[in-house]
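As a plain string of letters, each chain reads:
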Amino acid sequence: MNFFRIMCVCAVLGFSISSSHAELTIEITQGVESALPVAVVPFASQGVPVDIRNIVNADLERSGYFKMLSEQAMISRPSTPAEVEFKNWQDLGQNYLVIGRVNPNGDGQYSVEFQLFDVYKGSQLIGYQMNSSIADLRKTAHTISDLIFQKLTGKKGVFSGRIAYITSNSLGNKKWTYQLQVADADGMTPQTIATSNEPLMSPAWSPDGKQMAYVSFEHKAAAIYVQTLATGARTRVAEFSGINGAPAWSPDGTRLALTLSKDGSPDIFVLNLASHALTKITNSLAIDTEPTWSPDGNNIVFTSGRGGKPQLYIAPSQGGNEQRLTFTGDYNARASFSPDGKYLAMVHGNGNNYRIGVMDMASRTINVLTSGPTDESPSFAPNGTMILYASRKGGTGFLSAVSIDGKMQQKLVFNSGEVREPAWSPSP
Amino acid sequence: MKVNKTLVALLVTACLLSACSDDKKPISATDGSQNATNGIKDASTSGLNASSGLNPQGLPNVNAGLGADGEFNDPNSPQPKIIYFMLDSSDVQPDFVPVIAAHAQYLVANPSLSLLIEGNTDERGSREYNIALGEQRARSVANLLLAQGVSNAQLRIVSYGEEKPAASGNDESTWEQNRRAELVYQGK
Chain A
327 MNFFRIMCVC AVLGFSISSS HAELTIEITQ GVESALPVAV VPFASQGVPV DIRNIVNADL
387 ERSGYFKMLS EQAMISRPST PAEVEFKNWQ DLGQNYLVIG RVNPNGDGQY SVEFQLFDVY
447 KGSQLIGYQM NSSIADLRKT AHTISDLIFQ KLTGKKGVFS GRIAYITSNS LGNKKWTYQL
507 QVADADGMTP QTIATSNEPL MSPAWSPDGK QMAYVSFEHK AAAIYVQTLA TGARTRVAEF
567 SGINGAPAWS PDGTRLALTL SKDGSPDIFV LNLASHALTK ITNSLAIDTE PTWSPDGNNI
627 VFTSGRGGKP QLYIAPSQGG NEQRLTFTGD YNARASFSPD GKYLAMVHGN GNNYRIGVMD
687 MASRTINVLT SGPTDESPSF APNGTMILYA SRKGGTGFLS AVSIDGKMQQ KLVFNSGEVR
747 EPAWSPSP
Chain B
856 MKVNKTLVAL LVTACLLSAC SDDKKPISAT DGSQNATNGI KDASTSGLNA SSGLNPQGLP
916 NVNAGLGADG EFNDPNSPQP KIIYFMLDSS DVQPDFVPVI AAHAQYLVAN PSLSLLIEGN
976 TDERGSREYN IALGEQRARS VANLLLAQGV SNAQLRIVSY GEEKPAASGN DESTWEQNRR
1036 AELVYQGK
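Chains A and B supply the protein sequences, listed in that same order.
Using my numbering, the letters of the first sequence correspond one by one to residues 327 to 754.
Using my numbering, the letters of the second sequence correspond one by one to residues 856 to 1043.
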């Protein structure tokens, strides 16, 4: 039981962010032609520190589903339903219109109201009133984006989710600072969860989004930690001789699949977090690593070098019958299931080109979504529409996102250091 | 577990009072026990490593970097201390067999010394697979040393995969420099 020690950690999620703190900006590098025209009018507000309209506008634009009307092109700026002239918006070629108001309602709280209209039918589609503290105004804006997105696309919005990722900054002389950070899905308000001068790797959200498993080399050997985000308290759950890597939560949150090399070659194990019982799932002499659970919890897909080159294999999550899944490409690794279990994203390598591919689990065909040459660490958005991944160009690492049909691409630019290993938080 | 929870509460409090008292500093993930034995990675010293001045002069770059972490860079130990590998391979190339033999002789002659073998890979492919590949490289070197009489107790291996590149860039000459095992001598 000595590997199951509870320890202190100084990392506290609510840690204040200095103004020089690195932030992400997002560029849409490839959009969809059929994007729907939407106008979001600046919200009526007095002395509100957060521009809700700009956040909602940027969220919807970034999704690739919508073509947003610029503020300058607007000929009127209604903030109440009575002020809306639908003809103005029809003339501007807009299909949908969003208006809103933010008013203080005492105690530092704000009342945020908005309406979404169908411009051609001249009717309201949805309207909400929400109370928000100053600190939560950004979150409230993302919630508005989620509500609009869901109404117009029928898919759950992911704007109020968060992304975790690893950064590394060179200190010179072959030393780095590694940080595990969590930011809003738009890259704003990044918060540092853990910092070390030794590598941090493989962040994995618990299914309830409250905990993060990750690998840390802070003791000059790999160990796996589970950290509670709200408190910063953490538990060291695996600290065996050799590799302790690639943690992956079971869908019910009770177990971690992980890679251990304590018996010689790296194999997949499942660790029960309550009983600490360890079950060996694979037992090959080759490398077995990077486990990921199917969303129904029945299967584990993993990378294995048993065929000479890394390929993906699938096994029942209690171990047993192991079957090879990938046969095209000379390198298929680091699989990640879509939330509905129908797709499997992976690093798909051919020659020197490593791209993100997605396998249709029914037909077992792989569709390559990105252009490489060093794309890695695919992570599905909780609504299954986008895949976040890490790329590298000119020696710096950054994050990118691609829709699962490959048509929409975004680049998330970090203003300092290298950023990698993105993980999108699960649905709230 | 009740005792542990109390311990956590106390430790968190201690952390908040000490290392985390200045919220402008990066917050370290290091824990109390580590700080007790090896204070160099405390949050307050990150990037300002006080022990870096202890590094012996005139050693190759690789050891200058590693030595800064307080490891023992034995100036008498054999050179070179880096073993390079081919793409996707953990086989020791013939060129490096005599290098490893020299280290084996030195370790056999100095049983109080121990050696940390750090396996590394280039940046291509997935990160956790590269951790496994780096470990295989370190293990290949360890196996050759063991075969030449080095005691198991003198050896420790760790793989950093692609997390600690020796060179940055995305061309073959960079990748060659990163596919390596580094030998780091440590006092007993």
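Simulated from the structure, these hints should not be mistaken for lab results.
Among these hints, one or two may not hold up.
Examples of chain A residues toward chain B, derived with CB under 8 angstroms [said to hold, decoys possible]: (1) ALA370; (2) GLY373; (3) ALA384; (4) MET527; (5) LYS546; (6) ALA549; (7) ALA572; (8) SER576; (9) THR580; (10) ASP589; (11) SER620; (12) ARG632; (13) PRO636; (14) ASN676; (15) TYR680; (16) GLU747.
All C-beta atoms in this analysis are idealised placements derived from N, C-alpha and C, irrespective of residue type, glycine included.
Verification of the hints:
no.: 1; hint: ALA370; verdict: violated (36 angstroms)
no.: 2; hint: GLY373; verdict: violated (27 angstroms)
no.: 3; hint: ALA384; verdict: violated (29 angstroms)
no.: 4; hint: MET527; verdict: holds (6 angstroms)
no.: 5; hint: LYS546; verdict: holds (6 angstroms)
no.: 6; hint: ALA549; verdict: violated (11 angstroms)
no.: 7; hint: ALA572; verdict: holds (4 angstroms)
no.: 8; hint: SER576; verdict: violated (18 angstroms)
no.: 9; hint: THR580; verdict: violated (16 angstroms)
no.: 10; hint: ASP589; verdict: violated (13 angstroms)
no.: 11; hint: SER620; verdict: violated (19 angstroms)
no.: 12; hint: ARG632; verdict: violated (12 angstroms)
no.: 13; hint: PRO636; verdict: holds (5 angstroms)
no.: 14; hint: ASN676; verdict: violated (12 angstroms)
no.: 15; hint: TYR680; verdict: holds (6 angstroms)
no.: 16; hint: GLU747; verdict: holds (7 angstroms)
Hint violations for this structure: numbers 1, 2, 3, 6, 8, 9, 10, 11, 12 and 14, all remaining hints satisfied.
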